[in-house]
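Protein chains in written order, with my numbering: chain F, 1 to 102; chain C, 1 to 714; chain X, 1 to 166; chain V, 1 to 403.
Honestly, the hints are just simulated from the structure, not real lab data.
Heads up, a few of these hints could be off.
Unchecked claim - Derived list of chain C stretches under chain X, where covered just means 3 residues or more per stretch with a C-beta under 8 Å from a C-beta of chain X:
1) 87-101
2) 689-696
As the list claims (entries may be wrong) - Across the chosen pairs, the derived CB separations fall in these ranges:
3) F/Pro3 to V/Gly27: 42 to 48 Å
4) V/Gly27 to X/Pro123: 56 to 62 Å
5) C/Pro251 to X/Ala94: 37 to 43 Å
6) X/Phe160 to C/Leu36: 25 to 31 Å
Nothing here was measured: the structure is a model prediction, and the numbers come from that model.
Positions of the beta carbon are idealized from the N, C-alpha and C atoms, including for glycine.
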Amino acid sequence: MIPLTWYLLVAAALFCIGVYGVLARRNAIAILMAIELMLNAVNLSLVAFWRYLHPERTVGQAFALFVLVVAAAEAAAGLALIISIYRNRETVDVENIDLLRG
Amino acid sequence: MENQGTILALLTALIPWPPFIAFGMISLFANRWKRLSHTLAIGSVAISFVLSQVVFWSALRIEHLGEHPIAARIPWLPVGARPLEFGVLVDPLGAVMLFMVPLVSLMIFIYSVGYMAGDPHYSRFFALLSLFEAAMLLLVVADNLLMLFIGWEVMGFCSYALIGFWYRKPSAYRAAVKAFMTTRVGDVLMLLGIAYLYAQTGTLNFHDILRNPETLKVLAETPSYVAGLSVAALASLLLFAGTVGKSAQFPLHVWLPDAMEGPTPVSAMIHAATMVSAGVYTTIRMFPLLQAGQHGLGGETAFWVVALIGAFTAFMAATMGVAQNDIKRVLAYSTISQLGYMLAAVGIGAYVAAAFHLITHAFFKALLFLGSGSVIHAMEHGHHHAGHGHSHEEPFDPNDMLQMGGLARRMPITFWTFLAGGLALAGFPLITAGFWSKDEILGEAFHGAFEKGELLPLLVFLLLATAAVLTGFYTMRQIALTFLGEPRSPAAAHAAESPASMTMPLIILALFAVLGGYVGVPEGFPVLGALFGQNWFHEFVGGTLLEHPEALPFNAVPVVLSSLIALTGLALGGLVYARRPLAAGEPDPLVRLGPIYTFLRNRWYIDDLYHRVFVQPTLWLAERAVAFFMDRVVIDGFLHGVADAVWSMGGALRLFDRVVVNGIGDGIGEAVKAAGRELRALQTGLVQNYLLVVVLGVLGFIVLYTVAPMLRGF
Amino acid sequence: MTLIQAVFILFAALTLGAGLMTVLSRHLFHAVLYLILSLVGVAGLFILLEAEFLAGVQVLIYIGAISILIIFAVMLTRGMARNPGPPLNNQSLAAAVIAGLFFILLAPVLAGFPWPTAASGVPADAIEALGRSLVDPNQFALPFELASVMILAALIGAIFIAREKR
Amino acid sequence: MGQIYDFIYNLLPYLGMWLHGFLRSLGLSEEAVFLVVGLIKAFLLANFGLIGFAILTYVERKIVARFQDRLGPNVAGPYGILQPVADGIKLLTKEDTMPAGADRWVYNLAPLIIATCALAPLVVIPFGPGAIGADLHIGVLYALAVGAGALVGVLMAGWGSNNKYALLGAFRAVAQLISYEIPSVLSVVIVVMIAGTMSTVGIVQAQDVPYLFVLPVAALVFLLSGVAEVGRTPFDLLEAESEIVAGFHIEYSGMKFALVFLGEFVHALVVSALFAVLFLGGWRGPWLPPYLWMLIKMSVGIFLFFWLRATLPRIRIDQMLNLNWKFLTPLMILNLIGVALVDKGLRAAGVSGGMWAAGLFLFNMAMLIGALALPGYLGRRARMAALAGEAEAEAVEAPVAAH
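Could you put the whole structure together from the sequences, leaning on the hints where they help?
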């Protein structure tokens, strides 16, 4: 049997990888992917908790599903934004998108 | 019974829906179809009105509505052990609101048909108005702070959209943005309060928190580590901040007068009858929390804050109202001032009085606004009527009271209704609703001040009394300038009575403004008291609280006092304006007050202060104040009275200006500028930099909550 | 180490390795492929957790839809993808440190807590129960509706934003 | 006699039992046996796919030839039976080229992924009671999911081979596949809803009446979108020679091309198998042994594919997408809701068995007729409008021409 800790550690690691990606990638799409990674990490821990703490309750899985939906919506909207940005500015490089520079 | 209760709850839950649906349908389908859109809007409000009446009257028949209110909830998000629940709650307080809100709004909706006729964005107006109505009703029937906050914010948006309704006018959209931003300040704090309360109690349901002694006790005894306040006190103060924003209390009152840029029905509905009173309503709702805080740690701090802010605002706004020439701005300031009354009442523990004044005020203030609207309407039409053909040199302002006069003859219905509203506002003894509610507040204050001999009620009483005088004064001034004497402009000369769709609501509201007060006649009152039996309103609404507040024993002194106060104010106004009506082009007699007039006219320069223009006005004011000494001699006897009164305040104000304005004022200004210069470098505009910091913050928290305890363990 | 644990380690390694490559790989298209690989790994872990349904949905939604979407975006913004500059920005080092720290802080907490080891078995009708709970007004009906409305709004918004203005 | 019949009837289960016993007798642990059996099953299924592919190529060419009044392959071996072998040898011996500037790994992996994703669903195809790769209780979902994986392969192929035609082809392919995923998934959902399980075996066992006669709309749409997903005429736009040369696999040759090709055919096989399982009652049938029934039912689907290909012309891409988004998807959503309601209603009324099936069938038929009538009506109106417009135009032009 696999201890719950293993899953949690994997999830945490995946999440941190995602954080790193979000913070360090230049390309907006890449950042989006990193976010997807983070969401997956969350899902993983959700399901792990469901399995080990309350397999008889459906909350864990249900929330994982909701996260999935959110991820889908986020991908759709985010990519649409990125594409329209690309149309206007010929770049999806976050470092060049700094209209708010003080 | 149980069954009936659930049915009632269901009805209650249905109340906010019709306007909301109407909003959707109008904005989607009825866009360029005026008749349909106002039919939809009014129809929907009418439905809500009927529903709420049904609920109200059946709520009356329920024994001990306070203990067993009409309530039902559904789980919204079953998270962990504390599901977020949505639900409806109608306790006595909610019931009276439920009686007032749809009635007033229905009147205003009908009125709008006449007022907005011929506006290009007719449908948008009604769509927004309906959405607003839906939000307001949601707020009233809400059984928890979260729902209340949702309604609250939606109303904020609608207010913004409607103030800026004529967005082509720069002043309009500036006012809109100003209103939105100013209220934001309060709302954020309020949200904090809500979150704090949820974190502490695990529920936002009114009934669970406010009618649950254990919870209150715990809340009152847990320290909040902020200024030595108890959790209850802190939470109630945070929530109160929201009220300060929404109900335009000092120091966040600046937006309300500008909000008059919106169409008049909007001013009547949002900025007089419903939304701004929603702020007060919230405070009244959370009163038990406030009360709990009183006995707990931090003592009466919360009470002091609420009471003083309320009373001071009441006074300040009244003084400002004296010096306005814009008919709507006068009303705006009187609104602020009256709201201050209610909050002051809450602050001195006069729970029922506050609620009472809230209701009556809603009626007569809506009436006044609609009346002024009909006047403005008439002025505009008169202007067109008079003005076609020859051109006008100076831009015409239909709101300027100095341009009016003599309208009483030209538009009798408006005049009489307006008179009724005005007298109610001034608290004309016995025959107006305003008197009873205001009297109850003053009575409570008096009771606390002179019979219990406490300091806070004394201050409150003095401020409120002064404010009452001023109220009477500017009301009379307004009525006189607008309706009496001779027309001072061609427009006024050609003004004509408004259509029935506008006068009808006026009449109905006037009835309530006059008779509404009799539901709260003190029991011991000579003749009338015997006539109406016990103080129904007090008994009913008092039931909302855990321990029923006892009605004050009847005491003639405050009653007489407050009647005198009201009459004095009216008399003064009459002396100055009615005795010898103003001729065209003649300046307002108050100008002779010199600096004080200017000072008031410029609304204490608080706006300027907020625009970080500090120094000049202060110096300027100072030297004028000195000059004021000089020409004091020339001012005749009557002016002495007012002058002395206002002047003695003036001293305090000069101090206020020196210390607050100079010190804090440009202190803040400089600090902000400097900080801006320094921090500018930080704003790279790169999202990821910000994120980096955010994550750092998260790390900080992790350390705080996990690692630190471990270390402490060693 | 039992067989199942070996499988777990395999999937975990797949997930993390691919995830790492996702954020590191210079070429965007490869990044997407690695992302897909990592998602497959997660799906595998789901199966190990006896959440087959989620695993299936994961593959269907993430790999069948989302990653395809991302690939499309990559190709539509080809100017970037063809000749990629340095993949990382100039705060990458700080980011690495912070992410590392994050894990270092997180790990002991997760590992330290005494989690229940032996879990009770998954009920046979887990999937059915899940389905019912999603439409049960006392459980997730409202959030479910909310989610559906949200995704609808997101899609409409996406169409509106990305559409060629003319 | 009876025994022989019984043996033939239950051939596959017997084989399974024998294999299990044999392995146990070798002293393997239960786990190990599980593993080995799994491997063997996988091997068998893969080969089933491969052989099926080989046969299908031949059969298709024969059938299509008959349709077009030709002979078809007839040189290699009697009736050209050995044609597939010849093709195989040719493909194997062909030079394996790699286009310049191709994305090496991606380019090489793509065919593998396509082929694998095509073969994987075979795992959940039941060939009889107890004769299935693995009876997952998310069987159908699994089939759909891994099938979706092929998209990635297609995109990889299109991208990797650094060729604009390939990329365009890949785009088209994915657009088409993803779009038609939706109605097919919806129809599967309907079946799952009625059967109350996602396990393929369970669905087969639930079909006392083949769902073709209970949910005709779903069946039809599933078949239609199946054709589209397999990407065969009339939906073979992803390799429309006339427009984008050969689509995403233009650059592939030799073995890799063979893999892509295999993927396509196996996908067809799988779709028809799923059709058989979901709507034709899978292995169930009188007299004949289950696996034969399964094969027969599969061949029905296959034959339909060939038939369509031989008869219909290719449609335009906009027509294809319109058909999907504006007709099939809404239809399926409505059908889903309707079927759910009718089913609930019938069950609530205590109707079951034949009557229940008849009720659903009637409902579906009504819906189908309505659905088919509507676009016809709309189309007619549009044409009328167009004609009127032309008439006006002429009326306007006439005087102009006179001048």
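Practice task
Against the earlier hints, flag every one the structure doesn't satisfy and list their numbers going up.
Solution key: 1, 3, 4
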